[in-house]
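S.K.: Line order of the protein sequences matches chains A and B.
Take the first sequence: its letters are residues 8 to 471, numbered as in my numbering.
Take the second sequence: its letters are residues 8 to 471, numbered as in my numbering.
Bear in mind the hints are in silico, worked out from the structure with no lab data behind them.
Keep in mind that a hint or two might mislead.
Pairs count within a copy or across copies, as identical chains cannot be separated in the list.
[Said to hold, decoys possible] 20 Å max Cα-Cα, derived EDC-like pairs, lysine to aspartate or glutamate:
#: 1; residue 1: Lys218; residue 2: Asp192
#: 2; residue 1: Lys230; residue 2: Glu242
#: 3; residue 1: Lys133; residue 2: Glu156
#: 4; residue 1: Lys230; residue 2: Glu87
#: 5; residue 1: Lys218; residue 2: Asp181
#: 6; residue 1: Lys230; residue 2: Glu54
#: 7; residue 1: Lys133; residue 2: Asp103
#: 8; residue 1: Lys133; residue 2: Asp117
#: 9; residue 1: Lys133; residue 2: Glu94
#: 10; residue 1: Lys44; residue 2: Asp72
#: 11; residue 1: Lys230; residue 2: Asp191
#: 12; residue 1: Lys44; residue 2: Glu54
#: 13; residue 1: Lys218; residue 2: Asp188
Protein chains: 2
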Amino acid sequence: MAETDRAARADDEDEAFARIELSEGLIREVREALDEKNRVLAAALAEPLHPADLADLLEQLDREDRFSLVRTLGPRLDAEALAYLDEAVRENLVRDMGPAGAGAVLAQLDTDDAIDLIADLDEAEKRAILASLPLPDRAAIEQGLAFPEYSAGRLMQREVVAVPDYWTVGQTIDYLRTRPDLPDDFYDVYIVDPGFHVIGSVPVSHVLRAKRGTTVADIDLHKMRRIEASTDQEEVAFLFRQYGLVSAPVVDEEGRLLGVVTVDDVVDVIQEEAEEDFLKLGGVQESDVFQPPLRTGRQRLPWLAVNLLTAVVASLVIAQFEGAIAQLVALAVLMPIVASMGGNAGTQTLTVTVRALATRQLSTANAMRMLGKEFVVSLLNGGVFLVAGVCLALFWFGSPQLALVFGAAMVVNLLAAGLAGMLIPLLIDRLGLDPAVSSGVFLTTVTDVVGFFAFLGLAVHFLI
Amino acid sequence: MAETDRAARADDEDEAFARIELSEGLIREVREALDEKNRVLAAALAEPLHPADLADLLEQLDREDRFSLVRTLGPRLDAEALAYLDEAVRENLVRDMGPAGAGAVLAQLDTDDAIDLIADLDEAEKRAILASLPLPDRAAIEQGLAFPEYSAGRLMQREVVAVPDYWTVGQTIDYLRTRPDLPDDFYDVYIVDPGFHVIGSVPVSHVLRAKRGTTVADIDLHKMRRIEASTDQEEVAFLFRQYGLVSAPVVDEEGRLLGVVTVDDVVDVIQEEAEEDFLKLGGVQESDVFQPPLRTGRQRLPWLAVNLLTAVVASLVIAQFEGAIAQLVALAVLMPIVASMGGNAGTQTLTVTVRALATRQLSTANAMRMLGKEFVVSLLNGGVFLVAGVCLALFWFGSPQLALVFGAAMVVNLLAAGLAGMLIPLLIDRLGLDPAVSSGVFLTTVTDVVGFFAFLGLAVHFLI
Numbered sequence: 008m009a010e011t012d013r014a015a016r017a018d019d020e021d022e023a024f025a026r027i028e029l030s031e032g033l034i035r036e037v038r039e040a041l042d043e044k045n046r047v048l049a050a051a052l053a054e055p056l057h058p059a060d061l062a063d064l065l066e067q068l069d070r071e072d073r074f075s076l077v078r079t080l081g082p083r084l085d086a087e088a089l090a091y092l093d094e095a096v097r098e099n100l101v102r103d104m105g106p107a108g109a110g111a112v113l114a115q116l117d118t119d120d121a122i123d124l125i126a127d128l129d130e131a132e133k134r135a136i137l138a139s140l141p142l143p144d145r146a147a148i149e150q151g152l153a154f155p156e157y158s159a160g161r162l163m164q165r166e167v168v169a170v171p172d173y174w175t176v177g178q179t180i181d182y183l184r185t186r187p188d189l190p191d192d193f194y195d196v197y198i199v200d201p202g203f204h205v206i207g208s209v210p211v212s213h214v215l216r217a218k219r220g221t222t223v224a225d226i227d228l229h230k231m232r233r234i235e236a237s238t239d240q241e242e243v244a245f246l247f248r249q250y251g252l253v254s255a256p257v258v259d260e261e262g263r264l265l266g267v268v269t270v271d272d273v274v275d276v277i278q279e280e281a282e283e284d285f286l287k288l289g290g291v292q293e294s295d296v297f298q299p300p301l302r303t304g305r306q307r308l309p310w311l312a313v314n315l316l317t318a319v320v321a322s323l324v325i326a327q328f329e330g331a332i333a334q335l336v337a338l339a340v341l342m343p344i345v346a347s348m349g350g351n352a353g354t355q356t357l358t359v360t361v362r363a364l365a366t367r368q369l370s371t372a373n374a375m376r377m378l379g380k381e382f383v384v385s386l387l388n389g390g391v392f393l394v395a396g397v398c399l400a401l402f403w404f405g406s407p408q409l410a411l412v413f414g415a416a417m418v419v420n421l422l423a424a425g426l427a428g429m430l431i432p433l434l435i436d437r438l439g440l441d442p443a444v445s446s447g448v449f450l451t452t453v454t455d456v457v458g459f460f461a462f463l464g465l466a467v468h469f470l471i
Numbered sequence: 008m009a010e011t012d013r014a015a016r017a018d019d020e021d022e023a024f025a026r027i028e029l030s031e032g033l034i035r036e037v038r039e040a041l042d043e044k045n046r047v048l049a050a051a052l053a054e055p056l057h058p059a060d061l062a063d064l065l066e067q068l069d070r071e072d073r074f075s076l077v078r079t080l081g082p083r084l085d086a087e088a089l090a091y092l093d094e095a096v097r098e099n100l101v102r103d104m105g106p107a108g109a110g111a112v113l114a115q116l117d118t119d120d121a122i123d124l125i126a127d128l129d130e131a132e133k134r135a136i137l138a139s140l141p142l143p144d145r146a147a148i149e150q151g152l153a154f155p156e157y158s159a160g161r162l163m164q165r166e167v168v169a170v171p172d173y174w175t176v177g178q179t180i181d182y183l184r185t186r187p188d189l190p191d192d193f194y195d196v197y198i199v200d201p202g203f204h205v206i207g208s209v210p211v212s213h214v215l216r217a218k219r220g221t222t223v224a225d226i227d228l229h230k231m232r233r234i235e236a237s238t239d240q241e242e243v244a245f246l247f248r249q250y251g252l253v254s255a256p257v258v259d260e261e262g263r264l265l266g267v268v269t270v271d272d273v274v275d276v277i278q279e280e281a282e283e284d285f286l287k288l289g290g291v292q293e294s295d296v297f298q299p300p301l302r303t304g305r306q307r308l309p310w311l312a313v314n315l316l317t318a319v320v321a322s323l324v325i326a327q328f329e330g331a332i333a334q335l336v337a338l339a340v341l342m343p344i345v346a347s348m349g350g351n352a353g354t355q356t357l358t359v360t361v362r363a364l365a366t367r368q369l370s371t372a373n374a375m376r377m378l379g380k381e382f383v384v385s386l387l388n389g390g391v392f393l394v395a396g397v398c399l400a401l402f403w404f405g406s407p408q409l410a411l412v413f414g415a416a417m418v419v420n421l422l423a424a425g426l427a428g429m430l431i432p433l434l435i436d437r438l439g440l441d442p443a444v445s446s447g448v449f450l451t452t453v454t455d456v457v458g459f460f461a462f463l464g465l466a467v468h469f470l471i
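With the rest of the complex left out, here is chain A (with noise of 0.2 Å):
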C-alpha cells in the first residue's frame, strides 16, 4: 500500500516535472486556433512549453503566425525562446517585433543569447534596439559584439564567479550565500590574483566537500584549460569534447578573467559543426530552410554552376569518341554506369576521409598506410565489380569483348576513385582549405572522366 502510494506520488510528480512535451498535435491546435483568429487559446497553449519547444513550434509557424503569437504572449513570452531559434527565423521576428519589443526582451537574456538575437541585423537597427537597453546591458552586449563573430568571446557569458587564492572554503561559501548576482548556473569557482588574472578554478562539488578551513588554492586541480576570448569556436568546441569539459574560463591577451563559456553553449556549437560538414558534403552552405526562394535559390546557384563545368569537361571526353559511339550505340548506354559507379565508390571513401580528418584520426603521419588500405578495398570491390560488370553485360549485349572491357573500365575507375577519394581531401586540408565544401567536386570530376575516357578508349583499342 505504501508502495502504491509512492506510486502514485511518483506520478504526480512527473506531472508537475513533465514540461507540455510539443508533438505535431500541439502544433496543430495552435495553428488552428490562429487560423480562427484565436489568439488568447494559441497562446495559451503555447506558454506552458519549455522556451526550447517554443522555439520549434515558432519556426513551424509562418511569419504572420508566429508574430502573432509572441505578440499574444506578451510578457508571458519566455525570452529564453529567442535564443534557442533558427537564424533566419529570429532575425525577422526580431524585426517584426521592432526596437522597444526586442529591447525588453534582450533585458532578460544572458549576454550570449543576447548577442546572437542582434548580432546579424543592420546598424539602424542594432542602434535603435540598443538605446532602449539599460546602460550595463548595453556595455555588455556592446563588448561583446566587439569579438570576432564565431569565437569564444560571444560564446561565453559574463557572469562569473572568481574568488583570491588565499580565501578559504568557508570564505568563499559566506560570499556566495550573501551575494545578489550570482549567474544561475556555475560549475566552476575561479581563483584570481589582484589584477584578475585566472591562475586556478575549482569544481563546485570540490569547494562543497572540502573543509571550511581549507584554502582554495589548497584545493585547484591544476587542470584548468584558458581559452582565449578569440578563440575560435570550432577549436572550443574541440577542446570541451576532446578533454571533456563542463566550463572553461575565458581571457583576454593578458589572461585576465573575462567570461566563462560552459558546455550547453558548445554542445551547440559541435552539432552545428557537425551538421556544417554533412550540408557542405551535399553542396549547400548552410540549412536553408527557413530562407526565402530567392535567397535559397541564389546561394545554391554557386555550386551548381561549378558542377555544370565539371560535367561539361567530362562531357568533352565523350565528344573524342563520338565516331566511336555511333558505330557502337551501345557505348552510350553502358557508359554512364561505368562513370557513376567510380562517382559512388570515390564518394565512399571521400566520406571518410573527410570524417577523419575533421576528428584528427587521419594525419600525415598515417595518410599512407590509408591510402594503401584504400588500394586495397579498391581492388577487392574493384574484382567484384568487374565479375558483375562482364555478366551484366554479356547478358545485355551478348558481346564477350564488349562485357571485358566493361569490366576492365570499372576496375580501373573504382582504383581510381578509391584514391582519388582520400587523395584530394587530403591535399586541399594540407593546402589549409575546407575539404568538405570541395573534395566532392574535384572527386566526381576524376571519376567520370577517368571512367568515360577508361571505357570508351578500352572499346576504341578492343572493339572498333
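Take the given structure of chain A and dock chain B to it, following the hints.
M.R.: Relative to chain A, chain B alone:
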C-alpha cells in the same frame, strides 16, 4: 615590476597547466623511437599526454607499435586513454593485452567506460576479463551489460550523490565532507525517498549558496528530467541538447535512481550521431578508417551493389533511344549533363531536408509550405540553367533545336529533382525509416531516369 612578476608567474602556471600538446612532430618522434626499438624513450614521450591525446597517438600507430608502447608504459598508462580510443582500435588492443592486463586497466575506469571496453568482445574473452576483477567491479559491469546497447543504462555512471528530502544543506555538506567514495565530479545532488525513488534534484551551485539551515526540498528547482535506463542514447542526446542539461538522473521503470548521465558522455553521442548522418549520406555505415581492408570492402559493397542496380535502370531508359543516339551522337555527349545537374540539385534539397527532419525543423505541419518553396527555388535555378544550357549547346553544336531541347530537359529535371529531393526523405521518414541511409539512392534513380527520359524523349519528338 609587480606586473612582470605576475606575468612570469602566469607563464610558470601555463607550464604547470599545459599538457604536452599532441603534435605531428611528437607522433613522428614516438614512431621513430619505436622503429629504433627505443621503447623507453617512446614511453617517456607519451606519458605526459592527456588521456584523450594519448588515445589519438595510439590510433595513429600500427597495431604492433601500439601494443609495444602500451606494454612499456605498464602501470604508467592512464587507463582513461582506452576509453577515448576508436572502437576497432580498442578491441584489438584489449585482445593484445590479454585478460589480466585488460582487467587491471578496467578496474581503474568508471563503470560506463569499463563497459565500453569489453562490450564488443566475444563471450569467452569477456568472461576471462571479468573473472580477473574484484567482485563489486565485476557486478557493476555485468549489471551495466544487462542494459541494451546504445541506451542510457550504458551511458550512465553508477556513482551518485543522493540525500533524503528532509535533510538540510548543512547536513548535506557535512555528509559530503566525510564520505570517502564520492564520484570525481558531480553537478547535482539528487533527492530520494526511502525507496530510493528520485523525487528532486538540486544543482551543486545552488546547494553551495543556500544557508545551512535550508531543507534541500526547499531549494529543489523542480526542473529535473528523469531518464529511464532503457532510453535510446539518441533520445538522451536530444534531451540534453534541447534543454541544455548538464546531468540527468537515470531511473528504472519504478523511478528508482540507478545512476547519472553527464554531459561529457552525451557530447560524444551528439558527435557520433551527427557523424553517422554524414557518413550515411556518403553511402557508408560507420567510419571504417581503422578497420581492416576486407571488412571495409564487405561493408561498403551493399550500397555499391544497390547503386549498380539503379544505374542499370537509368541505362535501360537510354537503351530505349539507341536509334536516336545512333542518328545524333551529340545526344550521347549532352545527356550526362542533364542527368548530373538533376542529381546535384536534388542532392542539395535532400541534404537540407534530411538535416531539417533530424533537428525537428521540418514536419508534416510545414511540409507543404516547404515543398512549395522548393518548387519555386527549382523554377528559379531551372530558369538559369535553361539559359546556360541553351547557350552551351548552341555554342557547342550550333543547332538551335538541340539547344532548346537540352535547355528544356534541364528545367524539367531540376524541377523533378527539387520535388523528389524533399518528398523522398519525407516519405521515408513517415514510414519510420532512416531517411539519411536510403534517400540518396532513390533520388539519383529519379533524377537519372527523368533526366535521360526527358532529354532523349524530347529529342526524338522534336529533332528526329
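S.K.: Each of the hints needs a verdict: does it hold here or not?
M.R.: Here is what the structure says about each hint:
{"no.": "1", "hint": "Lys218 - Asp192", "verdict": "between (22 Å within a copy, 17 Å between copies)"}
{"no.": "2", "hint": "Lys230 - Glu242", "verdict": "within (18 Å within a copy, 31 Å between copies)"}
{"no.": "3", "hint": "Lys133 - Glu156", "verdict": "within (16 Å within a copy, 49 Å between copies)"}
{"no.": "4", "hint": "Lys230 - Glu87", "verdict": "between (32 Å within a copy, 15 Å between copies)"}
{"no.": "5", "hint": "Lys218 - Asp181", "verdict": "both (13 Å within a copy, 9 Å between copies)"}
{"no.": "6", "hint": "Lys230 - Glu54", "verdict": "between (42 Å within a copy, 16 Å between copies)"}
{"no.": "7", "hint": "Lys133 - Asp103", "verdict": "within (14 Å within a copy, 61 Å between copies)"}
{"no.": "8", "hint": "Lys133 - Asp117", "verdict": "within (17 Å within a copy, 49 Å between copies)"}
{"no.": "9", "hint": "Lys133 - Glu94", "verdict": "within (16 Å within a copy, 49 Å between copies)"}
{"no.": "10", "hint": "Lys44 - Asp72", "verdict": "within (10 Å within a copy, 71 Å between copies)"}
{"no.": "11", "hint": "Lys230 - Asp191", "verdict": "between (24 Å within a copy, 13 Å between copies)"}
{"no.": "12", "hint": "Lys44 - Glu54", "verdict": "within (17 Å within a copy, 68 Å between copies)"}
{"no.": "13", "hint": "Lys218 - Asp188", "verdict": "between (25 Å within a copy, 16 Å between copies)"}
Of the numbered hints stated above, none is contradicted by the structure.
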